[in-house]
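Participant: Now for the letters of each chain:
Protein chains: 2
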Amino acid sequence: MIRGILFDLAGVLHIGDELCPGAVPALARVRKAGLLVRFVTNTTRKSQAQLIARLHGLGLGIDATEVFTAPLAARAYCRAKNLHPYLLIHPDLKPDLIGLEATTPNSVLVADAGEGFSYANLNTAFRVLMRGGPLIAVAKNRYFRDGEALSLDAGPFVVALEYACEVEAKLIGKPARDFFLTAVQDIGLAAANVVMIGDDVESDVCGAADAGLAGILVGTGKYRDGDETKLPENAHLAADIDQAVEMVLEGKLAHR
Amino acid sequence: MIRGILFDLAGVLHIGDELCPGAVPALARVRKAGLLVRFVTNTTRKSQAQLIARLHGLGLGIDATEVFTAPLAARAYCRAKNLHPYLLIHPDLKPDLIGLEATTPNSVLVADAGEGFSYANLNTAFRVLMRGGPLIAVAKNRYFRDGEALSLDAGPFVVALEYACEVEAKLIGKPARDFFLTAVQDIGLAAANVVMIGDDVESDVCGAADAGLAGILVGTGKYRDGDETKLPENAHLAADIDQAVEMVLEGKLAHR
Numbered sequence: 001m002i003r004g005i006l007f008d009l010a011g012v013l014h015i016g017d018e019l020c021p022g023a024v025p026a027l028a029r030v031r032k033a034g035l036l037v038r039f040v041t042n043t044t045r046k047s048q049a050q051l052i053a054r055l056h057g058l059g060l061g062i063d064a065t066e067v068f069t070a071p072l073a074a075r076a077y078c079r080a081k082n083l084h085p086y087l088l089i090h091p092d093l094k095p096d097l098i099g100l101e102a103t104t105p106n107s108v109l110v111a112d113a114g115e116g117f118s119y120a121n122l123n124t125a126f127r128v129l130m131r132g133g134p135l136i137a138v139a140k141n142r143y144f145r146d147g148e149a150l151s152l153d154a155g156p157f158v159v160a161l162e163y164a165c166e167v168e169a170k171l172i173g174k175p176a177r178d179f180f181l182t183a184v185q186d187i188g189l190a191a192a193n194v195v196m197i198g199d200d201v202e203s204d205v206c207g208a209a210d211a212g213l214a215g216i217l218v219g220t221g222k223y224r225d226g227d228e229t230k231l232p233e234n235a236h237l238a239a240d241i242d243q244a245v246e247m248v249l250e251g252k253l254a255h256r
Numbered sequence: 001m002i003r004g005i006l007f008d009l010a011g012v013l014h015i016g017d018e019l020c021p022g023a024v025p026a027l028a029r030v031r032k033a034g035l036l037v038r039f040v041t042n043t044t045r046k047s048q049a050q051l052i053a054r055l056h057g058l059g060l061g062i063d064a065t066e067v068f069t070a071p072l073a074a075r076a077y078c079r080a081k082n083l084h085p086y087l088l089i090h091p092d093l094k095p096d097l098i099g100l101e102a103t104t105p106n107s108v109l110v111a112d113a114g115e116g117f118s119y120a121n122l123n124t125a126f127r128v129l130m131r132g133g134p135l136i137a138v139a140k141n142r143y144f145r146d147g148e149a150l151s152l153d154a155g156p157f158v159v160a161l162e163y164a165c166e167v168e169a170k171l172i173g174k175p176a177r178d179f180f181l182t183a184v185q186d187i188g189l190a191a192a193n194v195v196m197i198g199d200d201v202e203s204d205v206c207g208a209a210d211a212g213l214a215g216i217l218v219g220t221g222k223y224r225d226g227d228e229t230k231l232p233e234n235a236h237l238a239a240d241i242d243q244a245v246e247m248v249l250e251g252k253l254a255h256r
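If you read the sequences in order, they're chains X and V. Be aware that the first sequence starts at 1, since it is given in this note's numbering, and climbs by one per residue. Be aware that the second sequence starts at 1, since it is given in this note's numbering, and climbs by one per residue.
The following block holds chain X by itself, in its conformation from the complex (with noise of 0.2 angstroms):
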């Protein structure tokens, strides 16, 4: 039976300053019925403030306490692991990570930089990794619907300074199994009593999949055709937020 909901915010309720059609009426049958919501990005262009500030804009009724952002993990890992990374991120998520950094880093922390993923800042990146510290993906995703097109995300950066330092990289958001079960037990839920909808299926469905989550893809966002033949077991295609949102209150995740 499925009692919560972990939600992908870009690609799913919006894309970039526009809501996706149906994304307010479906959050609100979902609160309605009673279902616990959470929401799990691995937007890393944005700081936690300016993220807060667009849900708001966009009238989609989200509390700043229901967000789980794949950077503010990183954070709190890195904090807790006593490391001072190079901060190979985009300006505008320094306000999430201030304090981190240090005169001398001893690792390298990925987020996706955009412009600043310059081949002097990876080469920097590079020189950190050669002296041994270790490498901290804040996410891994291959690319992000960027308007009409497809952008790169911080995947192919991070995969990048793996091989060229044969070193493997933490990764901290999605698909990480952890940063689910935080969301998941931050709801009081068990995982199987949760469904995620993303409209990434390795991130959002896979990874939720592996933490023992039910998986629905949404067929928006960053969605290509052909996406739905790499879905694990037990997780479901729909159209969009809405239709996504239809089947998990009429029950048809119910039966795993």
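Incorrect hints may appear among the rest.
Label-pair restraints from in silico Cβ distances [unchecked claim]:
(1) T182(X) to M130(V): 28 to 36 angstroms
(2) T229(X) to T104(V): 25 to 33 angstroms
(3) P25(X) to A149(V): 51 to 59 angstroms
(4) P21(V) to T182(X): 50 to 58 angstroms
(5) E115(X) to D92(V): 55 to 63 angstroms
(6) H56(X) to M130(V): 29 to 37 angstroms
(7) A64(X) to G132(V): 38 to 46 angstroms
(8) P25(X) to D92(V): 55 to 63 angstroms
(9) Q185(V) to T104(X): 48 to 56 angstroms
(10) E115(X) to T104(V): 20 to 28 angstroms
(11) D210(V) to N106(X): 47 to 55 angstroms
(12) Y77(X) to L72(V): 30 to 38 angstroms
(13) M130(X) to L72(V): 29 to 37 angstroms
To list a few chain V residues with every Cβ distance to chain X over 12 angstroms, as calculated [stated by the list, open to error]:
(14) L58
(15) Y77
(16) N82
(17) T103
(18) G116
(19) P156
(20) G188
(21) D240
Covered by chain V, per the in silico footprint, the following chain X stretches (three or more residues, Cβ under 8 angstroms) [as the list claims (entries may be wrong)]:
(22) 120-131
(23) 141-149
Hints in this document: simulated from the structure, not taken from any laboratory. Glycine residues also receive a C-beta, built at the ideal position from the N, C-alpha and C atoms.
We have chain X; now place chain V onto it with these hints.
Facilitator: Chain V in isolation, oriented as in the chain X frame:
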């Protein structure tokens, strides 16, 4: 019995505009002993003409016809396959690849672009690949010695694009089997009678072993402690070019 030698250039015979100690006499001994030589390089920050000019300036006595470069092999490959690639390359390499481009690229060719590995350029390449064009990697080296420091080579950016688009690059330069075999064929020897001397355990020595050649890893250039643990069977470690040539001339590689 070893009758021919393939030499890597940078890191073995010279580092930038400096000769490696012992390079000129070592090469003279080899030629005097009647061994056949060729030079195989993945260097992609210079055109063939600039490369030959540098070698001439260093007094290495190398003839242009003895040099096999990965970019020229890539040009031949693209012409044979009717590929008009988007070029992610260093501006100095343009003379070697002129005429390949088209208004609408149908593929991507990656060499060591240095500062040309900007987010914008990588995104352009990514979008060509997402339309279904093949990815051609002139080289896939991890890094190279850049003065006092190590710097990122083409390889990390090739794997970044491979990961983003879920494709596998066609590799042209070392360690591709065909690249070694073209040079071996040119001297008219069997692979088993040729040894490759290089500073890159993977591209030079492991690649040569896959093509059936003997190999010697030198402890100069990009060599790092521990690289010798990756040596394939029948490959050897030498301190430098002088000791490597000594090993060949003493017949130490004869019984494979």
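Participant: Does the structure break any of the earlier hints, and which numbers would those be?
Facilitator: Hints 5, 11, 12, 18 and 19 not satisfied by this model.
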